[in-house]
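From first to last, the protein sequence lines stand for chains A and B. Using my numbering, read the first sequence as starting at 1 and increasing by one per residue. Using my numbering, read the second sequence as starting at 1 and increasing by one per residue.
Please note: incorrect hints may appear among the correct ones.
Covered by chain A, per the in silico footprint, the following chain B stretches (three or more residues, Cβ under 8 Å) [what the hints assert, rightly or not]: (1) 33 to 40; (2) 158 to 169; (3) 179 to 185.
Below, in silico cross-link-like pairs of lysine to aspartate or glutamate (DMTMM-like), each with a Cα-Cα straight-line distance of 25 Å or less [unchecked claim]: (4) B:Lys140 with B:Glu57; (5) A:Lys45 with B:Glu21; (6) B:Lys159 with A:Glu28; (7) A:Lys147 with B:Glu57; (8) B:Lys91 with A:Glu28.
Hints listed in this document are in silico derivations from the structure and should not be mistaken for laboratory results. By construction, the Cβ of each residue, glycine as well, lies at the ideal position given by its N, Cα and C atoms.
Here is what each chain is made of, one letter per residue.
Protein chains: 2
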Amino acid sequence: MKIYEMRIAPNPRRVRIFLAEKGISNIEFIQLDLQKGENLTPEFKRKNPFGKVPVLELDDGTCINETVAICRYFEEIHPENPLLGSNAVEKAQIEMWQRWVEFYFLMPTGMCFQHTSGYFKDRMVPIREWGDECRIHVSKFMHFLNKHLETNTYLIGNKFSIADITALCTLDFNKVNQISISPEQIHLKRWYEDVSSRPSAKA
Amino acid sequence: MKIYEMRIAPNPRRVRIFLAEKGISNIEFIQLDLQKGENLTPEFKRKNPFGKVPVLELDDGTCINETVAICRYFEEIHPENPLLGSNAVEKAQIEMWQRWVEFYFLMPTGMCFQHTSGYFKDRMVPIREWGDECRIHVSKFMHFLNKHLETNTYLIGNKFSIADITALCTLDFNKVNQISISPEQIHLKRWYEDVSSRPSAKA
């Protein structure tokens, strides 16, 4: 099995942390340079028509795209140490939090970066006003998260899950937007130090 | 179990079709008027802090938010007639397609509506330029979908899944954006007529 990725991007990191938490290590990683457009070649677009990373390529050539689809594949073939939940309510609550983190934190983070940094300006027209709006959403979600973590060890009670991985990668990626934890967000800081100190965070 | 929803909104419809395909009918539905702000009361925000519908409330008061989290809960307690896949590769491919439809079709559809119609202008500042950009993404995805459906009965080969439900609800919702299938998109039209004729489409 091979994973096509770009090491510094947040979505590939989500997959690497997921695999590290699972103890899965027999994967070959192939690096692409997104700024050089190595993800936009006809060959790569046969693997992912949208030219995104990461992509998991199975030994028979089947390509699985989308971070969470890749994680779900590994959760299925390696169910030990579940990160997507172990009963109906827990699976639903993890799915809910995962989506909250993606829709209200990761996506505005990515769009703030794309629409205010000019990083991909050769292939998109940045809309500054939309990027600024996304920045406000990012800050609001961090406030919400801080409040939630006052009474919860992890995003879903006392169980580390894929939602924590997504939130950690999003928080770290916000360096590109110059957004970081405020001094008064003590619960978010406590959680951040906890999840960052897990060996998987370095994967 | 209760579901809080607004009948004409696309996400509640995704859940109703999912339940109809599963043959689950013992749910009480409670209607909220989003334009009147019935989803923004302190009471409802205790069920969903983001004020979104649908919300599934279990008999013990636990609230499950997010359409796909609600569907996952029902898939878990009622695994017959799986709509989220039945083995590792199928589950991953359905997750991949579901996310493609959500990220590249449903979300731009919703944002085009929000940023160009003025429907929620009492509670957000519409950015016309961003709404117009989203409209382009919607059209591009419909072109991609038409091409894919030339050689596939449903989104994932010959199996109807949650990804078809999401695509159907998104396509129908695009009436609000005055976007519909072009005459030359014959494969998309064939698929649309097929999925629309299932009894669940009327749920």
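These are the hints, each one checked on the structure:
Residues of the stretch 33 to 40 of chain B lying with their CB closer than 8 Å to a CB of chain A number 0, which falls below the three-residue condition for coverage. With a threshold of 8 Å between beta carbons, the proposed coverage of the stretch 158 to 169 of chain B by chain A is violated, since 0 of its residues qualify and at least three are required. With 0 residues having a Cβ less than 8 Å from any Cβ of chain A, the stretch 179 to 185 of chain B misses the three-residue criterion, and the hint is violated. Of the pairs offered as hints, the one joining Lys140 (chain B) and Glu57 (chain B) is violated, with about 37 Å between alpha carbons and a cut-off of 25 Å exceeded.
Between Lys45 (chain A) and Glu21 (chain B), the direct Cα distance comes to roughly 34 Å. Violation of the 25 Å bound is thereby established for this hinted pair. Taking the CA atoms of Lys159 (chain B) and Glu28 (chain A), the gap is near 31 Å; set against the 25 Å cutoff, the hint is violated. Pair hint Lys147 (chain A) plus Glu57 (chain B) holds up; C-alpha atoms about 23 Å apart against a cutoff of 25 Å. Between the alpha carbons of Lys91 (chain B) and Glu28 (chain A) the distance comes to roughly 22 Å, so the proposed pair stays at or under 25 Å and holds.
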